[in-house]
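Trainee: Chains A and B supply the protein sequences, listed in that same order. Quick note on this note's numbering: the first sequence kicks off at 1 and runs consecutively. Quick note on this note's numbering: the second sequence kicks off at 1 and runs consecutively.
Please keep in mind that the hints were generated in silico from the structure rather than gathered at the bench. Do not rely on the hints blindly, as some may be mistaken.
Copies of the same chain are indistinguishable here, so a pair counts whether it falls within one copy or spans any two.
Computed cross-link-like contacts, DSSO-like style, restricted to lysine-lysine with a CA-CA straight-line distance of at most 30 Å [said to hold, decoys possible]:
no.: 1; residue 1: Lys79; residue 2: Lys211
no.: 2; residue 1: Lys167; residue 2: Lys226
no.: 3; residue 1: Lys226; residue 2: Lys68
no.: 4; residue 1: Lys79; residue 2: Lys167
Residue-level listing of the chains:
Protein chains: 2
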Amino acid sequence: MQNLKMVIRYDGTRYSGWQKQGNTENTIQGKLESAISRIAGQAVEVHGSGRTDAGVHAMGQVANVKLKTAVDPAEFRRKLNDLLSEDIAVTEICEVPERFHARLSAVRKTYQYRLYIGDAKPVFDRRQVTVLEPLPSLNIEAMRRAAEYLRGIHDFTSFCGNPSFKKSAVRRIDSLEIIEEADELVIRVTGDGFLQNMVRIITGTLIEVGKGAMRPEEIRDILAAKNRKNAGPTAPAKGLMLVGVEYTPS
Amino acid sequence: MQNLKMVIRYDGTRYSGWQKQGNTENTIQGKLESAISRIAGQAVEVHGSGRTDAGVHAMGQVANVKLKTAVDPAEFRRKLNDLLSEDIAVTEICEVPERFHARLSAVRKTYQYRLYIGDAKPVFDRRQVTVLEPLPSLNIEAMRRAAEYLRGIHDFTSFCGNPSFKKSAVRRIDSLEIIEEADELVIRVTGDGFLQNMVRIITGTLIEVGKGAMRPEEIRDILAAKNRKNAGPTAPAKGLMLVGVEYTPS
Numbered sequence: 001m002q003n004l005k006m007v008i009r010y011d012g013t014r015y016s017g018w019q020k021q022g023n024t025e026n027t028i029q030g031k032l033e034s035a036i037s038r039i040a041g042q043a044v045e046v047h048g049s050g051r052t053d054a055g056v057h058a059m060g061q062v063a064n065v066k067l068k069t070a071v072d073p074a075e076f077r078r079k080l081n082d083l084l085s086e087d088i089a090v091t092e093i094c095e096v097p098e099r100f101h102a103r104l105s106a107v108r109k110t111y112q113y114r115l116y117i118g119d120a121k122p123v124f125d126r127r128q129v130t131v132l133e134p135l136p137s138l139n140i141e142a143m144r145r146a147a148e149y150l151r152g153i154h155d156f157t158s159f160c161g162n163p164s165f166k167k168s169a170v171r172r173i174d175s176l177e178i179i180e181e182a183d184e185l186v187i188r189v190t191g192d193g194f195l196q197n198m199v200r201i202i203t204g205t206l207i208e209v210g211k212g213a214m215r216p217e218e219i220r221d222i223l224a225a226k227n228r229k230n231a232g233p234t235a236p237a238k239g240l241m242l243v244g245v246e247y248t249p250s
Numbered sequence: 001m002q003n004l005k006m007v008i009r010y011d012g013t014r015y016s017g018w019q020k021q022g023n024t025e026n027t028i029q030g031k032l033e034s035a036i037s038r039i040a041g042q043a044v045e046v047h048g049s050g051r052t053d054a055g056v057h058a059m060g061q062v063a064n065v066k067l068k069t070a071v072d073p074a075e076f077r078r079k080l081n082d083l084l085s086e087d088i089a090v091t092e093i094c095e096v097p098e099r100f101h102a103r104l105s106a107v108r109k110t111y112q113y114r115l116y117i118g119d120a121k122p123v124f125d126r127r128q129v130t131v132l133e134p135l136p137s138l139n140i141e142a143m144r145r146a147a148e149y150l151r152g153i154h155d156f157t158s159f160c161g162n163p164s165f166k167k168s169a170v171r172r173i174d175s176l177e178i179i180e181e182a183d184e185l186v187i188r189v190t191g192d193g194f195l196q197n198m199v200r201i202i203t204g205t206l207i208e209v210g211k212g213a214m215r216p217e218e219i220r221d222i223l224a225a226k227n228r229k230n231a232g233p234t235a236p237a238k239g240l241m242l243v244g245v246e247y248t249p250s
């Protein structure tokens, strides 16, 4: 049994998200499994580090797959990139110990959310950046103070998009930065794991704070309420990107 | 009469190029003219600094338009960006003297051509970058030596894609750089003007040199031959971008 770890980059625009759903073939996981099955000549299951929603992108999604017959990783990756369409690429591949599992072995993830705040249009990056309309003038210092309340270990039930989620919603956010670039505001967050829509709800809530519709201190109350209704709206999928997944050295 | 100078950014993927062609409405010039006519309530003609081919992009195309009734430039730009689709944006607008003409007043232009030379795929920039297949190993130093022969004032007939071009093909190239970036090779050229397909033929020829199919010194002979057949192939449109147009201060 050969266990391969892959780093995957994708433009999520055309896909129904990472995870296979019944007969829906239009998922990243589905596309990878069918390409790998064709090359390896066996049915395979690809394990991702976690789902990404429909329309969400990845620079560094990680997945692993186990093959019965060992392959040369570099050659395998070349064949795979030839078979996959131009909006999905395997950027790295390597053999890992059999116990490595992309989801269970992950220790940290980083996401970023791009907001266009220029006064024209994000012509070339329009599928990866959310435009706020009408353009609000955002109080970035207030957004940064709000972000402070989200850092650390909290129950993030109020920031979970899945109302029937029953497991622990306690997560740790290690860093939550708000970066001003030329025409963009980039929200970059690293933590031990993220609930469904969590980064998009954090973004939507920080925008409310930036607009002045919510005070930074209210984040404390929102966390304490453990109620999705208390947080801000879910920001659109297309601005979100899974930047990378970290693992402890094996 | 109010003369407005506009800086325009566009993703050329979906368009038949800059210039209106008979009934073809699917051009950047056509889209701009119909949007401006709607806002200004008069038929207008938009003068670009020059054509870009079908599929070619622009960060900083420049055009001017004359209006019978003066408008507030900032407000006019806002309305224009609302009307134009998301792959065309007017990034700057200002009032200029009546004698200003985007083509006739231009003194220099800069283009860049992006080549993907990484070993995966340019997932997010795939519409703006040309992938060379199969991936050649390019001798970049040889390409730079070849570029030296193109700098300066020459008759560029061999680098002109229009066989029925009758006017002078003498142009001046001020700089022609080959820049190595992470997964890309960027060819950046500035000159007083460019013939049809000139940057794409220069790129195709430099690739031949990089592959070892042509020696750098042969550029001299190609220029002297004044024959399109002697130069390399025309590189695909999608890697080309009009970066900017310079004018003397008025």
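Trainee: Indicate, hint by hint, whether the structure satisfies it.
Mentor: Cross-check of the supplied hints:
1. Lys79 / Lys211: So Lys79 and Lys211 pass the 30 Å test across copies only (24 Å; inside, 48 Å).
2. Lys167 / Lys226: within (13 Å within a copy, 74 Å between copies)
3. Lys226 / Lys68: Close neither inside one copy (46 Å) nor across copies (60 Å); limit 30 Å.
4. Lys79 / Lys167: neither (40 Å within a copy, 49 Å between copies)
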